[in-house]
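A.B. asks: Given next are the chains, with one letter for each unit.
Number of protein chains: 2
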Amino acid sequence: MNSLNQKMNDIHHEFEETVKRIQSHNGVDGVIVVNNNGDLITSTLDMRSSVSYGELMSTLAENAIGFVRNLDPSNELTVLRMGSKRREVLVAPGKFRLNIFF
Amino acid sequence: MNSLNQKMNDIHHEFEETVKRIQSHNGVDGVIVVNNNGDLITSTLDMRSSVSYGELMSTLAENAIGFVRNLDPSNELTVLRMGSKRREVLVAPGKFRLNIFF
Numbered sequence: 001m002n003s004l005n006q007k008m009n010d011i012h013h014e015f016e017e018t019v020k021r022i023q024s025h026n027g028v029d030g031v032i033v034v035n036n037n038g039d040l041i042t043s044t045l046d047m048r049s050s051v052s053y054g055e056l057m058s059t060l061a062e063n064a065i066g067f068v069r070n071l072d073p074s075n076e077l078t079v080l081r082m083g084s085k086r087r088e089v090l091v092a093p094g095k096f097r098l099n100i101f102f
Numbered sequence: 001m002n003s004l005n006q007k008m009n010d011i012h013h014e015f016e017e018t019v020k021r022i023q024s025h026n027g028v029d030g031v032i033v034v035n036n037n038g039d040l041i042t043s044t045l046d047m048r049s050s051v052s053y054g055e056l057m058s059t060l061a062e063n064a065i066g067f068v069r070n071l072d073p074s075n076e077l078t079v080l081r082m083g084s085k086r087r088e089v090l091v092a093p094g095k096f097r098l099n100i101f102f
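Chains X and C, in that order, give the protein sequences. Numbers 1 to 102, taken from UniProt numbering, label the letters of the first sequence in order. Numbers 1 to 102, taken from UniProt numbering, label the letters of the second sequence in order.
For reference, chain X alone in the conformation it holds in the complex (with noise of 0.2 Å):
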């Protein structure tokens, strides 16, 4: 296996690794990766779900991207959490979109 293989593998196990511990935590009842385009790239809840949450949480993150941008353009969002009755959302904005449920 040549350097360029073996380093894909190696963030590929990174990655599957890091869902697995934040889907691991006391009250995490699922975990999306989106990829900017809204593309859904891993997902611990069932297809249906995912992709319907998937297209929900990535039209809310470039809202609320947009909204950080429009009121200062050097800034950039880091988090969005948005708590209801019974469910919390968590997004993380990054290269990939990390969607939590809470």
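In case anyone wonders, no lab produced these hints; they're calculated from the structure. Wrong hints could be hidden among the right ones.
Since the list gives no way to pick one copy over another, a pair counts as held whenever it fits inside one copy or between any two copies.
Stated by the list, open to error - Derived pair list, reagent style DMTMM-like, types lysine to aspartate or glutamate, alpha-carbon separation capped at 25 Å:
id, residue 1, residue 2
1, Lys7, Asp72
2, Lys85, Asp72
3, Lys85, Glu62
Place chain C on chain X using the hints.
C.D. replies: For chain C alone, kept in the frame of chain X given last:
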């Protein structure tokens, strides 16, 4: 003064006291209150910022309220927090919507 007037004065006083109390918290830069149509009710920021923040927050809050209801029609958004590199914005929906800027 009749009792209705008295009651309205009491509510108005309580409302003003609440805004003052939140504003006085350490790290709070401003408090904006809008109604559910996005109209500005009161603000501790300057008029220009208040109007533009108020409008942006209203759009975002509407989206978040819709998102929560979409996932579960019997659920309800209680709080929306946006963390960014330089600022944190908290939206508390209710009869009036409270936007708090840290």
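A.B. asks: Can you give me the call for Lys7 and Asp72, within, between, both or neither, at a CA distance of at most 25 Å?
C.D. replies: neither (37 Å within a copy, 41 Å between copies)
A.B. asks: Check Lys85 against Asp72 for me: Cα-Cα at most 25 Å, and say if that holds within a copy, between copies, both or neither.
C.D. replies: between (31 Å within a copy, 11 Å between copies)
A.B. asks: Since the copies are identical, ignore which copy is meant and state whether Lys85 and Glu62 lie within 25 Å (CA to CA) inside a copy, between copies, both or neither.
C.D. replies: Intra 24 Å, inter 16 Å, cutoff 25 Å: intra and inter.
The structure shown violates just one earlier hint, number 1.
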